[in-house]
Amino acid sequence: MKTIKYLGLGFFLVGFFIFTMAIFSGYFNFTEQELDCYISEKGYKSERLKEELLKSIVTDEKLSIFEFSSKVRATFETSNRHHEILISKYNSEKNWTKKGEEFQYKVSGKPHNLSFEIAKKAGKGFFKDQPTLAWWLTLGLGIFGALLFILPNVILLGKPVIKNDGIYHESATNRGFIAWLVLIYLVVFYLLLYFMPDYVVNWTFIFDPISNALNGGNASQWFVYGFLYCAIMLVMGARMYIKYRYNKYQIIRTTSVLFFQIVFAFLIPEIMTSLNMPGYDFKNAFPLDYDFFFEWNLKSLQNSGAIGLFILVWGIILTIIIVPVMVYFFGKRWYCSWVCGCGGLAETLGDPYRQHSDKSLNAWKLERWVIHLVLIFSILMTVVTLHCYFSGTSSLLGIKSQWIKDTYSFLIGAWFAGVIGTGFYPIFGNRIWCRFGCPLAAYLGFVQRFKSRFRITTNGGQCISCGNCSTYCEQGIDVRAYAQKGENIIRSSCVGCGICSAVCPRGVLKLENGPEKGRINPTKILLGNDVDLMKLLND
Amino acid sequence: MKINQQKMEHIVIIGNGIAGVTAARHIRKKSDKKITIISGESKYFFSRTALMYVYMGHLKFEHTQPYENWFWKKNNIELKEGFVTKIETDKNQLLFKDNSSLFYDKLIIATGSKPNKFGWKGQDLKGVMGLYHKQDLENLEKFAPNKGVCKRAVIVGGGLIGIELAEMLRSRKIPVTFLVRETSFWNSVLPTQESEMINRHILEHQIDLRLNSNLKEIISDENGQVKSVIIEETNEEILCNVVGLTAGVSPNIDFLKNTNIACNKGVLVNLYLETNIPNIYAIGDCAEQTHPIVNRRPIEAVWYTGRMMGETVAQTICDKKTEYKPGNWFNSAKFLDIEYQTYGWVFSEQTKSENEGCFQWQHPSENKCISISYDKNSHEFLGINTFGIRMRHEIFDQWLSEKKSVEHILEFLADANFDPEFYKSHEAEIVTKFNQEMSTNIQVKKKSWKRIFSKV
Ligand SMILES: Cc1cc2nc3c(=O)[nH]c(=O)nc-3n(C[C@H](O)[C@H](O)[C@H](O)COP(=O)(O)OP(=O)(O)OC[C@H]3O[C@@H](n4cnc5c(N)ncnc54)[C@H](O)[C@@H]3O)c2cc1C
Ligand code: SF4
Ligand code: SF4
Chain Y
0 MKTIKYLGLG
10 FFLVGFFIFT
20 MAIFSGYFNF
30 TEQELDCYIS
40 EKGYKSERLK
50 EELLKSIVTD
60 EKLSIFEFSS
70 KVRATFETSN
80 RHHEILISKY
90 NSEKNWTKKG
100 EEFQYKVSGK
110 PHNLSFEIAK
120 KAGKGFFKDQ
130 PTLAWWLTLG
140 LGIFGALLFI
150 LPNVILLGKP
160 VIKNDGIYHE
170 SATNRGFIAW
180 LVLIYLVVFY
190 LLLYFMPDYV
200 VNWTFIFDPI
210 SNALNGGNAS
220 QWFVYGFLYC
230 AIMLVMGARM
240 YIKYRYNKYQ
250 IIRTTSVLFF
260 QIVFAFLIPE
270 IMTSLNMPGY
280 DFKNAFPLDY
290 DFFFEWNLKS
300 LQNSGAIGLF
310 ILVWGIILTI
320 IIVPVMVYFF
330 GKRWYCSWVC
340 GCGGLAETLG
350 DPYRQHSDKS
360 LNAWKLERWV
370 IHLVLIFSIL
380 MTVVTLHCYF
390 SGTSSLLGIK
400 SQWIKDTYSF
410 LIGAWFAGVI
420 GTGFYPIFGN
430 RIWCRFGCPL
440 AAYLGFVQRF
450 KSRFRITTNG
460 GQCISCGNCS
470 TYCEQGIDVR
480 AYAQKGENII
490 RSSCVGCGIC
500 SAVCPRGVLK
510 LENGPEKGRI
520 NPTKILLGND
530 VDLMKLLND
Chain A
0 MKINQQKMEH
10 IVIIGNGIAG
20 VTAARHIRKK
30 SDKKITIISG
40 ESKYFFSRTA
50 LMYVYMGHLK
60 FEHTQPYENW
70 FWKKNNIELK
80 EGFVTKIETD
90 KNQLLFKDNS
100 SLFYDKLIIA
110 TGSKPNKFGW
120 KGQDLKGVMG
130 LYHKQDLENL
140 EKFAPNKGVC
150 KRAVIVGGGL
160 IGIELAEMLR
170 SRKIPVTFLV
180 RETSFWNSVL
190 PTQESEMINR
200 HILEHQIDLR
210 LNSNLKEIIS
220 DENGQVKSVI
230 IEETNEEILC
240 NVVGLTAGVS
250 PNIDFLKNTN
260 IACNKGVLVN
270 LYLETNIPNI
280 YAIGDCAEQT
290 HPIVNRRPIE
300 AVWYTGRMMG
310 ETVAQTICDK
320 KTEYKPGNWF
330 NSAKFLDIEY
340 QTYGWVFSEQ
350 TKSENEGCFQ
360 WQHPSENKCI
370 SISYDKNSHE
380 FLGINTFGIR
390 MRHEIFDQWL
400 SEKKSVEHIL
410 EFLADANFDP
420 EFYKSHEAEI
430 VTKFNQEMST
440 NIQVKKKSWK
450 RIFSKV
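Those sequence lines, one after another, are chains Y and A.
Each residue of the first sequence is one higher than the one before, counting from 0 in numbering that gives the first Met the number 0.
Each residue of the second sequence is one higher than the one before, counting from 0 in numbering that gives the first Met the number 0.
Treat the hints with care, since some could be wrong.
To be verified - In the BS3-like style, the derived pairs of lysine-lysine whose C-alpha atoms are separated by at most 30 Å in a straight line are:
(1) Lys172(A) - Lys484(Y)
(2) Lys247(Y) - Lys423(A)
(3) Lys534(Y) - Lys73(A)
(4) Lys32(A) - Lys484(Y)
(5) Lys49(Y) - Lys1(Y)
(6) Lys320(A) - Lys72(A)
Because the hints were derived from the structure by calculation, they are not lab data.
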């Protein structure tokens, strides 16, 4: 069994290594013909751009992606600068017609994205030519190895009961150097994905056949991300099933998040795209889905006929009716740990790191500040955007719509939710985004705290203050602080993962939905003591 | 403010376990008296019950501390590290090992327990240890860091701490021999059905369980370290590197020997937790009731008792003299993988009285079972043991207080289930068996929130 496990680890590492090394492989260049073709396809009008591209990337030289990218970016910059100079020249000459004409020659877009698009066409080499084989050597080997590593646990872990043995002895789960390596890898991964997609263009080649089969187009970096997301959740979901196989709540919950991620977040949008509809994730609620009310989205929905209208109405109903009503009945868990994709990753890939959330009072204070600020930020952004959309202006109260959207997307969408939210798993715990950042969680939290039937019941006086619950609460809730006082846990941040209940050695905690009456039960004297004294002091 | 503080009564508590800390917290809630907690073990309160999880790698030591370090200062509770060697009751003064001293106006003794040692030969060798204090854990890390250093450990005494120690060592794959004096594990407390289930479960964990076995002596190697133990009954020698002494605990009160505070095994207290000396109280593991409360032992070395005594003594100290009147008995533990809860009194066959009937149910394949005891004549429900099934404390407490009949318990058993959602429940099977045995016709009622909360 152990051998199989290590063999699996070996396979996984090989697949992982090939995948990582893929970035450095292959070469990039254009023939003149290919360039012409590309330029007419994109509709670039600038002669200068064409000239420069001819000089830089039409070559026999086999450029690496990094050389290629820097050349392309420089080219676009030179060309754009050239036209800008002309614009200001015409401007000073007051030659308005010329100035107006000149604008069409400028190419807008982020340099790395422009470079990604060209690289996608200009790439050559093994990963481009043999995507299927490449898939098996990377993803295939990785998944196979990981499963081989995980599945023997059915036997190795022994009896199906809570197994946290050695978590604080292992480098990977006790903030050791393995954990730091994983952190660095994840952070770099997200930085590349969000800000330098051209560097990972080779990865997208691996997924072209699958992408074509699903949506009829080649894979973008987001397709790669979506696919990896699902694959990782599945593999780590298998780990979850094995680790908590005695716990039906965990089994059902894991099945649910896997289902919603794979079907709702991945397959349905892809299929919709292939049918020329806007790809929409029907479970992704605003304000987590922060660009739902962006102009481009509203326009695209408007232009998509009945389905577009349906999505628009659904999106609004989801946020203002379905989400809060469900929270009233079941607590925020129905979304955060049963449905949501971010939660899904946290509960599968992130499970080995759940103990790292900070339980201190200061962290709780910080949490309340930050998460509510993000909520306000997202609402402000949406108000500005909608105002501008309907009034046709470009700013509200001096806040430029484009600026606030860009800032939010950059700070919250990319850095907070991605780089920090997931990248920091191995050291700071698996729910950083959900706890400190997610505006939807903040909104659900209000409902859960003030109007819900959900609570974690504390079982009278049975708590022995051991601290397992607090330690394994991914949301950094000091569960023990409540349990040892005999108080039910009613906290806006609780995502109802149920792990505190699973790890408690004394059966003290139970997640349940019940009448609102009696949900909050402050106690001064715990159950077990003199009945009169309890009455006297608790009333 | 400062002047005021000096005039304030000074409450000194020896021992920062659950008993002492609970007392301090409740005194602070009700007054602004000066409070000092003394401990010779660790500056900050930690949960002794969680020591095992630190060794097993579930927790770090800091996780066993229920309060953050700023808590004490913020609540104006002073913490003093030091070991009290003597109490001068005539001078209201404590003397410390480092020769310092401290005055008190009122004193609470909450010094807990220490592991029993019965004068075995070799009981003080290196590698022989109890499992009680933080230092024991450090000792264990030293002598049993892994199965390479510790080739085998022998545990002496089959109680709750013994089985925890066995579980700890097994988590590092260290071979364990478990010497249990009784004919079956903990059968002075548990009915046979349950005791035997635990026996089997111990064996499932590859623990070498030796029933009917007493320790004769511990043998030293040339370095004064454990080499082996000899079993009394068979004279068998078992080679080992670590010996865990877990044959119960007794009050940790040696430092009171030459004082005029009346002691027996523990510090003798009346129902108000007062000792024979005015203004001195004793609570927790170290307190011994002069007149034990019905069914309860004079010394109750359990977490909950320490806590309840702390809650009570705080009232008395804050001028609301309150009798210690624990409510219905409850307890819980975990035997390796099997959770155990008990409410009310279920006695083993050895200790139960004539009028007690016991209804039992056991799952055909899983480690789950229950025993419900009742009065044969009145059918009053007396208590329940559950293994592998969680039960709701409040409901059972209510049923016990209201002296419900055993039939009532079975009918409404679903209300009391506390297992996580979606778990399979067994009320139907349990009641069917009860109906067969007792020729009754009880129908299981579905869980009702209304009934569960009828009390609140
Ligand atoms: C491994 C283990 C597991 C347990 N599990 C459970 C369980 O699951 N359920 C349960 O109900 N109970 C359990 N218990 C028992 C429970 O922990 C004790 O009953 C409880 O901790 C007693 O609390 P206490 O406050 O009376 O004393 P303690 O917690 O023992 O605290 C007394 C403190 O006083 C200090 N002290 C003693 N003498 C002096 C002195 N002269 N000067 C200065 N300081 C001194 C000691 O060092 C200690 O820190 C367990 C015990 C152990 C050891
Ligand atoms: S309190 Fe419990 S259920 Fe809620 S998030 Fe924390 S561990 Fe999960
Ligand atoms: S895990 Fe259970 S016993 Fe331990 S502190 Fe939490 S509620 Fe209490």
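Structure-based check of all given hints:
{"no.": "1", "hint": "Lys172(A) - Lys484(Y)", "verdict": "violated (36 Å)"}
{"no.": "2", "hint": "Lys247(Y) - Lys423(A)", "verdict": "holds (9 Å)"}
{"no.": "3", "hint": "Lys534(Y) - Lys73(A)", "verdict": "holds (28 Å)"}
{"no.": "4", "hint": "Lys32(A) - Lys484(Y)", "verdict": "holds (23 Å)"}
{"no.": "5", "hint": "Lys49(Y) - Lys1(Y)", "verdict": "violated (59 Å)"}
{"no.": "6", "hint": "Lys320(A) - Lys72(A)", "verdict": "holds (28 Å)"}
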